[in-house]
Amino acid sequence: MRTRLIAALLLSCALLPAAHAEEFATKAEAEAMVAKGLKYWKANGNEKTYAEIGKKDGQFVDRDLYLVIYGLDGVVRTHGANPKMIGKNLMEIRDVDGKFFIKERIELAKKKKPFWQDYKFTNPTNGKIEPKSMYCVPEEDMVMCGGVYLK
Numbered sequence: 001m002r003t004r005l006i007a008a009l010l011l012s013c014a015l016l017p018a019a020h021a022e023e024f025a026t027k028a029e030a031e032a033m034v035a036k037g038l039k040y041w042k043a044n045g046n047e048k049t050y051a052e053i054g055k056k057d058g059q060f061v062d063r064d065l066y067l068v069i070y071g072l073d074g075v076v077r078t079h080g081a082n083p084k085m086i087g088k089n090l091m092e093i094r095d096v097d098g099k100f101f102i103k104e105r106i107e108l109a110k111k112k113k114p115f116w117q118d119y120k121f122t123n124p125t126n127g128k129i130e131p132k133s134m135y136c137v138p139e140e141d142m143v144m145c146g147g148v149y150l151k
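The sequence shown runs 1 to 151 under the working numbering.
For the record, the hints were derived by calculation from the structure and aren't laboratory data. A portion of the hints provided could be inaccurate.
[As the list claims (entries may be wrong)] Listed next, the in silico DSS-like pairs over lysine-lysine satisfying Cα-Cα at most 27 Å (straight line):
no., residue 1, residue 2
1, Lys88, Lys36
2, Lys128, Lys111
3, Lys39, Lys111
4, Lys88, Lys99
5, Lys27, Lys151
[Claimed, not checked] The calculated label-pair distances, taken between Cβ atoms and stated as ranges, are:
no., residue 1, residue 2, range
6, Lys99, Gly45, 28 to 36 Å
7, Gly45, Asp97, 33 to 41 Å
8, Lys151, Gly87, 26 to 34 Å
9, Gly45, Pro83, 14 to 22 Å
10, Asp97, Glu47, 33 to 41 Å
11, Thr122, Ala43, 27 to 35 Å
12, Asn82, Thr26, 32 to 40 Å
13, Asn123, Gln59, 18 to 26 Å
14, Glu130, Asn46, 29 to 37 Å
15, Glu23, Glu47, 30 to 38 Å
16, Asn89, Lys111, 28 to 36 Å
17, Ile129, Gly45, 30 to 38 Å
18, Arg94, Gly127, 16 to 24 Å
19, Lys56, Lys111, 26 to 34 Å
Values in this document were obtained by computation on a predicted structure and should not be read as measured data. A virtual CB, placed ideally from N, CA and C, is assigned to each residue, including glycine.
Can you build the whole structure from these sequences, using the hints too?
Structural data, given as structure tokens:
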């Protein structure tokens with residue numbers, strides 16, 4: 001009996017890191033979510049896509065992963081975690097290290113190639129400022145992004 005209890009306890013401890021890791025999105029999941037968002041946008045246009053991405057319980061929010069669309073002017077068109085950001089020009093905001101991360105993101109987007117960008121941002125699942133890596137794909141006059149918090 002004691003041996004079984006110890007074995008069960010060891011198995012539980014061994015599985016804990018895997019269970020914990022699934023709480024957070026991966027870079028591959030961010031890339032897949034952005035691809036899914038772009039496919040939806042191509043099929044449904046701006047208005048429907050902005051509304052769908054803006055739903056906190058919608059198909060474009062998964063754990064700490066959500067989509068954001070910016071115009072190439074830095075204005076947020078839709079935001080999967082914070083609807084208060086919609087319509088705001090964020091070109092001049094900085095992260096805690098002083099990085100103008102939206103300005104940098106827009107400059108990268110103007111090169112018309114998908115990219116990853118690192119900065120620090122508030123994680124909506126816990127309210128803490130954490131390192132984040134954002135995957136972005138420019139399309140027409142916008143850039144669609146989805147990111148992961150780095151643990």
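Now for the hints, and whether the structure bears them out:
For the given pair, Lys88 sits about 25 Å from Lys36 by alpha-carbon distance, which is consistent with the 27 Å threshold. Taken as a hint, the Lys128 and Lys111 pair is broken in the structure, with Cα atoms around 32 Å apart against an allowance of 27 Å. With a C-alpha separation of about 21 Å, the suggested pair Lys39 and Lys111 falls inside the 27 Å cut-off, and the hint holds. At most 27 Å may separate the alpha-carbon atoms for a hinted pair to count; Lys88 and Lys99 meet this at roughly 18 Å.
For a cut-off of 27 Å, the pair hint linking Lys27 to Lys151 stands: about 12 Å separates their Cα positions. Lys99 and Gly45 have their C-beta atoms about 33 Å apart, which keeps the hinted 28 to 36 Å range intact. Checked against the hint of 33 to 41 Å, the C-beta distance between Gly45 and Asp97 comes to roughly 37 Å, which is consistent with it. Between Lys151 and Gly87 the beta carbon distance is about 32 Å. The supplied range of 26 to 34 Å therefore holds.
For the pair Gly45 and Pro83, the supplied restraint of 14 to 22 Å holds, since their beta-carbon distance comes to about 20 Å. Checked against the hint of 33 to 41 Å, the pair Asp97 and Glu47 passes, with Cβ atoms roughly 36 Å apart. The given range of 27 to 35 Å is respected by Thr122 and Ala43, whose C-beta atoms sit roughly 32 Å from each other. Evaluation of the 32 to 40 Å hint for Asn82 and Thr26 yields a failure: the beta carbon distance comes to about 22 Å.
For the pair Asn123 and Gln59, the beta carbons lie near 21 Å from each other, so the given range of 18 to 26 Å is met. Taken as a hint, the range 29 to 37 Å holds for the pair Glu130 and Asn46, whose Cβ atoms sit roughly 30 Å apart. Hint check: Glu23 to Glu47, Cβ distance near 33 Å, so the stated range 30 to 38 Å holds. Taking 28 to 36 Å as the suggested C-beta distance range, the pair Asn89 and Lys111 does not conform, at roughly 21 Å.
Checking the proposed 30 to 38 Å range against Ile129 and Gly45 shows it holds: the Cβ atoms sit about 35 Å from each other. For the pair Arg94 and Gly127, the beta carbons lie near 19 Å from each other, so the given range of 16 to 24 Å is met. Distance hint check: the CB atoms of Lys56 and Lys111 are about 31 Å apart, consistent with the given range 26 to 34 Å.
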